[in-house]
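Residue numbers (our numbering), protein chains in the order written: chain A, 5 to 251; chain B, 78 to 282; chain C, 2 to 540.
Possibly wrong hints are sitting among the right ones.
Here are the simulated DSS-like pairs of lysine-lysine, each with C-alpha atoms no more than 30 Å apart in a straight line [to be verified]:
no., chain 1, residue 1, chain 2, residue 2
1, C, K206, C, K12
2, C, K4, C, K19
3, A, K37, B, K246
4, B, K246, A, K246
5, C, K537, B, K207
These aren't lab readings, by the way, just hints derived from the structure by calculation.
It should be emphasised that the depicted structure is a prediction, and the values quoted were computed from it without experimental measurement.
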Amino acid sequence: MDSLNILGLIFVLVFFGLMIAASVVLRQREGRKLREIPAFGRLRRAIGLAVEAGSRLHISLGRGQLLSPQSAIGYVGLSILDRIARSTSISDRPPVATAGEGSLGILSQDTQQDAAKYLGVESDPMRGRITGLTPYSYAAGTLSFIQEEDIGANLLIGSFGNEVALITDAAERRDGMTLGGTDNLTGQAVLFATAQEPLIGEETYAGGAYLGAGPMHIASLYAQDILRWVLIGLIVMGAILKLFSVL
Amino acid sequence: MRNLVYTAIAIGVGIVVLLGYFLQFDLLVNLRIVLLEWATILVATALLIGVVNLFIVHWRKSTTDQPNRVNSIALLAGLTITLGVAGWFGPTDPYSLWIFNYILIPIEASLMGILSVVLIYAGVRLLRRKPNLLSIVFITTAVVILLMTGPLFGIDIPGLAELRIWIGKVPAVAGARGILLGVSLGIIAAGLRILIGADRPYGGN
Amino acid sequence: MEKIYCPSCGKPNPIDNKFCDFCLTQFHPQEGDSADSEAPSVPGIGDNQNGLGGHESDSNVPDWLSELQQSNEMEDEKPLDSDPELGQPANAISDWMTGVSGDGEATVGEVSPAAPFLPDQGIDESQDIPHWLNDALIEEEAQDSVEDERPGEVPLGGEGRDVSQGDSSPPKISEETPGDRENAGPLAGLRGVLSAEAGAARVRKPRTYSAKLKVSTSQRAHIDLLNSLLEDEGQPQPLPQRRSISQQHVLRLGIALVLLLAILWPIVIASQEMPFPDYDEGSAEVNRLISQLPENARVLVGFDFEPGLAAELDTAAAPVFDHLLSEGALLTLISTSPSGPLLAERFIRSIKPDQELISGLEYVNLGYIPGGAVGLLSFIENPQGTIPFTIDGLSAWETEGRNGLPATTGISQITDYSMVILLVDDPDTARTWIEQLGPTITNPQVLTSFVLITSAQLEPVVRPYYESSPQPVNGLVVGLRGGAAYARIIGSDEFPGKFWDAFGMGTFVAALLILVGGLGYYVIPELSRTARGQEKVKR
Numbered sequence: 005m006d007s008l009n010i011l012g013l014i015f016v017l018v019f020f021g022l023m024i025a026a027s028v029v030l031r032q033r034e035g036r037k038l039r040e041i042p043a044f045g046r047l048r049r050a051i052g053l054a055v056e057a058g059s060r061l062h063i064s065l066g067r068g069q070l071l072s073p074q075s076a077i078g079y080v081g082l083s084i085l086d087r088i089a090r091s092t093s094i095s096d097r098p099p100v101a102t103a104g105e106g107s108l109g110i111l112s113q114d115t116q117q118d119a120a121k122y123l124g125v126e127s128d129p130m131r132g133r134i135t136g137l138t139p140y141s142y143a144a145g146t147l148s149f150i151q152e153e154d155i156g157a158n159l160l161i162g163s164f165g166n167e168v169a170l171i172t173d174a175a176e177r178r179d180g181m182t183l184g185g186t187d188n189l190t191g192q193a194v195l196f197a198t199a200q201e202p203l204i205g206e207e208t209y210a211g212g213a214y215l216g217a218g219p220m221h222i223a224s225l226y227a228q229d230i231l232r233w234v235l236i237g238l239i240v241m242g243a244i245l246k247l248f249s250v251l
Numbered sequence: 078m079r080n081l082v083y084t085a086i087a088i089g090v091g092i093v094v095l096l097g098y099f100l101q102f103d104l105l106v107n108l109r110i111v112l113l114e115w116a117t118i119l120v121a122t123a124l125l126i127g128v129v130n131l132f133i134v135h136w137r138k139s140t141t142d143q144p145n146r147v148n149s150i151a152l153l154a155g156l157t158i159t160l161g162v163a164g165w166f167g168p169t170d171p172y173s174l175w176i177f178n179y180i181l182i183p184i185e186a187s188l189m190g191i192l193s194v195v196l197i198y199a200g201v202r203l204l205r206r207k208p209n210l211l212s213i214v215f216i217t218t219a220v221v222i223l224l225m226t227g228p229l230f231g232i233d234i235p236g237l238a239e240l241r242i243w244i245g246k247v248p249a250v251a252g253a254r255g256i257l258l259g260v261s262l263g264i265i266a267a268g269l270r271i272l273i274g275a276d277r278p279y280g281g282n
Numbered sequence: 002m003e004k005i006y007c008p009s010c011g012k013p014n015p016i017d018n019k020f021c022d023f024c025l026t027q028f029h030p031q032e033g034d035s036a037d038s039e040a041p042s043v044p045g046i047g048d049n050q051n052g053l054g055g056h057e058s059d060s061n062v063p064d065w066l067s068e069l070q071q072s073n074e075m076e077d078e079k080p081l082d083s084d085p086e087l088g089q090p091a092n093a094i095s096d097w098m099t100g101v102s103g104d105g106e107a108t109v110g111e112v113s114p115a116a117p118f119l120p121d122q123g124i125d126e127s128q129d130i131p132h133w134l135n136d137a138l139i140e141e142e143a144q145d146s147v148e149d150e151r152p153g154e155v156p157l158g159g160e161g162r163d164v165s166q167g168d169s170s171p172p173k174i175s176e177e178t179p180g181d182r183e184n185a186g187p188l189a190g191l192r193g194v195l196s197a198e199a200g201a202a203r204v205r206k207p208r209t210y211s212a213k214l215k216v217s218t219s220q221r222a223h224i225d226l227l228n229s230l231l232e233d234e235g236q237p238q239p240l241p242q243r244r245s246i247s248q249q250h251v252l253r254l255g256i257a258l259v260l261l262l263a264i265l266w267p268i269v270i271a272s273q274e275m276p277f278p279d280y281d282e283g284s285a286e287v288n289r290l291i292s293q294l295p296e297n298a299r300v301l302v303g304f305d306f307e308p309g310l311a312a313e314l315d316t317a318a319a320p321v322f323d324h325l326l327s328e329g330a331l332l333t334l335i336s337t338s339p340s341g342p343l344l345a346e347r348f349i350r351s352i353k354p355d356q357e358l359i360s361g362l363e364y365v366n367l368g369y370i371p372g373g374a375v376g377l378l379s380f381i382e383n384p385q386g387t388i389p390f391t392i393d394g395l396s397a398w399e400t401e402g403r404n405g406l407p408a409t410t411g412i413s414q415i416t417d418y419s420m421v422i423l424l425v426d427d428p429d430t431a432r433t434w435i436e437q438l439g440p441t442i443t444n445p446q447v448l449t450s451f452v453l454i455t456s457a458q459l460e461p462v463v464r465p466y467y468e469s470s471p472q473p474v475n476g477l478v479v480g481l482r483g484g485a486a487y488a489r490i491i492g493s494d495e496f497p498g499k500f501w502d503a504f505g506m507g508t509f510v511a512a513l514l515i516l517v518g519g520l521g522y523y524v525i526p527e528l529s530r531t532a533r534g535q536e537k538v539k540r
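Turn these sequences into a full structure, and let the hints guide you.
Below you can see the structure in the form of structure tokens.
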């Protein structure tokens with residue numbers, strides 16, 4: 005067995021243990037405080053407006069393939085879609101999801117159907133649609149969708165490349181709010197410049213915790229924080245050892 | 078009951094694949110390979126389902142009185158013709174390549190051109206929208222990289238070339254690494270949440 | 002011991018007291034006060050021989066009052082139920098009312114304007130008014146003063162009367178000893194009734210307030226504003242019309258025009274003035290690796306980029322493949338993106354337009370690998386099992402009894418290839434290839450080299466892999482710059498120089514637009530805002 009494999013397995017097990025421990029501790033302690041991320045505050049307001057003012061929410065799940073690491077952020081997008089659908093499906097303009105990948109499109113329809121069933125309302129499968137199967141065709145389909153529908157807020161939570169600039173530009177032309185987060189480096193740089201509320205790095209992965217998707221989301225955030233500091237310590241230590249020619 | 082079965086399948090398969098990746102036992106490895114091959118077939122099928130979904134959405138739009146349904150009709154026509162030509166003659170046939178070379182490539186290149194205008198426009202407005210230090214650093218870096226990537230009329234500004242190389246090798250790489258490490262932690266967390274059933278994107282809520 | 006009853010609170014005090022022990026009211030000695038003094042009487046009624054402490058002498062007691070007191074004494078001796086008037090209070094009231102109306106022309110509920118309001122003035126001295134009636138009179142007057150005083154009006158009977166002056170004198174309370182019967186009010190006839198406290202028994206006419214609302218000027222302004230807001234609320238407001246040409250449109254169009262001119266001009270004038278880059282380490286390393294390839298080397302080429310970036314990557318890769326084909330390499334083309342196989346086919350046919358490469362002979366196109374990273378890993382571990390056929394439907398690999406295609410002959414695993422070249426534009430795809438292929442490539446016993454030809458945006462992502470040790474990426478050609486450097490190394494004229502000048506002009510103008518436009522877009526509004534602020538201050 006490769007030592008790298010063993011290290012990887014240990015890391016995953018430690019992460020898992022930290023998540024479980026954090027969930028137990030947090031259950032006993034009240035008042036879980038998370039640091040303020042203004043983007044999610046604005047998102048909550050947008051969700052409230054969607055019900056009160058009758059504006060439509062649009063969630064775009066990106067083009068991350070399910071059998072790749074880019075699927076994880078797609079799952080985060082689905083969690084957020086689930087929370088939003090449960091909050092706003094009763095309004096006269098329920099949210100719509102778009103995706104650039106077949107499996108994500110199917111899952112988005114399934115998520116909205118579940119939410120509708122939970123609320124006891126009818127579900128329209130067309131509220132989860134695939135707008136394109138390549139990055140730029142997906143961007144072109146999504147931006148035309150934004151231009152046709154009266155979208156109040158656009159949430160771009162998924163794997164996007166630099167084509168996301170076309171989507172944010174279309175949203176800005178329609179005076180809609182844009183909140184975006186992606187795991188792609190190029191996409192993050194583009195979102196920083198073009199989106200009103202960009203989420204950088206792993207802030208996107210915290211979306212579920214900030215929208216109340218469940219206690220395990222918050223527990224995993226705490227586990228991530230602990231391991232991040234561990235990694236920082238290891239990097240600094242490695243750099244020092246390398247500096248003194250120990251490594 | 079059905080949700081429990083879905084969740085059990087998801088958790089079981091996830092654990093087998095994860096352990097099969099780390100532990101090199103023959104049984105686990107073989108099981109992992111079989112499961113991944115099934116998943117690959119499913120993903121390829123999902124691609125076809127995506128095409129069908131696209132067709133259905135635009136068919137509905139073109140057959141009902143909705144705004145801009147001409148675009149949907151054009152899409153359906155293009156889809157049908159391309160499918161027909163590539164399906165009949167083959168994907169590497171000159172006719173198929175003609176559609177690819179003279180329709181698809183120019184369309185995507187045009188979108189890239191629009192993208193460059195959009196990005197420059199965003200760069201122009203960035204300082205006004207977000208007047209902070211990060212925006213200044215962002216714009217400065219973009220300008221330096223742009224100037225030194227091109228030939229710059231053969232003008233050699235002392236220090237600028239070295240600055241570009243240094244930016245590309247040190248802060249950009251370091252920042253990218255940091256972000257990727259954070260993203261990796263997020264990916265592991267998301268995956269573990271699905272493994273323990275806390276997240277059920279397959280509709281098990 | 003003899004006691005005196007306080008006229009104010011009605012509590013018994015020793016007769017020698019000059020002040021009440023309970024409420025400190027000053028007692029005034031009166032003539033005719035008996036030792037067995039009675040409880041303080043209701044003002045104007047009853048025995049005021051002792052209790053009306055406020056009167057210093059009999060001379061201050063009106064005659065009618067003293068007569069009333071005398072008559073009360075007589076009335077007290079009568080049994081209660083024999084009093085026809087008590088037994089018939091309604092009739093008695095009505096009789097009283099009749100009597101009063103005859104006197105002052107007032108009806109029930111009304112007080113004649115001329116009728117005096119004060120109890121000591123409202124009763125005819127000549128009438129022999131029973132004590133209970135006197136009580137009722139006082140109560141009626143108190144009620145009338147409340148009922149008749151309508152909002153905004155001066156109380157009836159008060160015309161010409163100064164309403165600001167109320168009846169400030171406290172009512173006189175009749176003196177009664179404890180245990181005596183209550184003579185007035187709803188508790189008339191009951192014994193042991195506590196006499197009213199001084200403050201509680203005081204009946205005073207309420208102050209009259211004007212019912213007209215006093216509204217100041219600022220309040221009126223606020224009222225008008227609120228009214229207008231409320232009126233506007235009900236009226237539908239027209240939606241603001243979106244301007245067809247806004248500042249955003251103008252700015253976008255301006256940027257597009259300037260950029261277009263900057264890029265087209267060198268192409269139109271066929272300018273080739275800008276020099277190629279001198280040396281690029283990554284490109285030089287790729288050149289060295291390709292030069293060391295054996296004759297008819299099998300090379301695996303991955304085409305994982307989008308059609309939109311075909312121009313950049315085709316241009317950057319052209320001199321590399323020109324060199325590769327001149328070394329006699331045989332190519333296997335593959336892709337993990339759906340449009341990759343067609344991009345590969347298109348690229349291969351465009352490298353040597355005068356010398357068409359034959360599919361199946363000089364190159365093999367294996368097509369698309371579904372499943373992303375998983376599919377790629379599957380191909381790396383088992384290429385023949387993952388993709389058994391080419392894109393044209395031919396059997397791709399040699400088997401027992403069948404020769405394979407020249408490009409795949411002798412290939413059973415990924416390490417059988419001499420080189421793997423990846424053309425990529427996406428950082429995630431690049432990392433996927435590096436991470437899946439890296440463990441295999443970095444094995445010291447493996448001689449396969451891994452080369453990347455990437456878009457310029459990927460440099461920060463892939464450079465660490467090129468510069469690390471062990472080195473999962475052995476060579477790196479980055480964007481047009483890298484391609485131009487490679488063309489200069491091999492002395493190739495295949496690299497389109499006219500695009501190099503356009504590229505240079507375009508990047509320069511883009512940088513200028515961001516810098517100048519950004520500063521102007523920020524500074525000019527700030528200056529105008531400052532100027533407006535200063536104008537306001539001056540005004």
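Verification of the supplied hints:
no.: 1; hint: K206(C) x K12(C); result: holds (26 Å)
no.: 2; hint: K4(C) x K19(C); result: holds (12 Å)
no.: 3; hint: K37(A) x K246(B); result: violated (38 Å)
no.: 4; hint: K246(B) x K246(A); result: holds (18 Å)
no.: 5; hint: K537(C) x K207(B); result: holds (27 Å)
Of the numbered hints stated above, the single one contradicted by the structure is hint 3.
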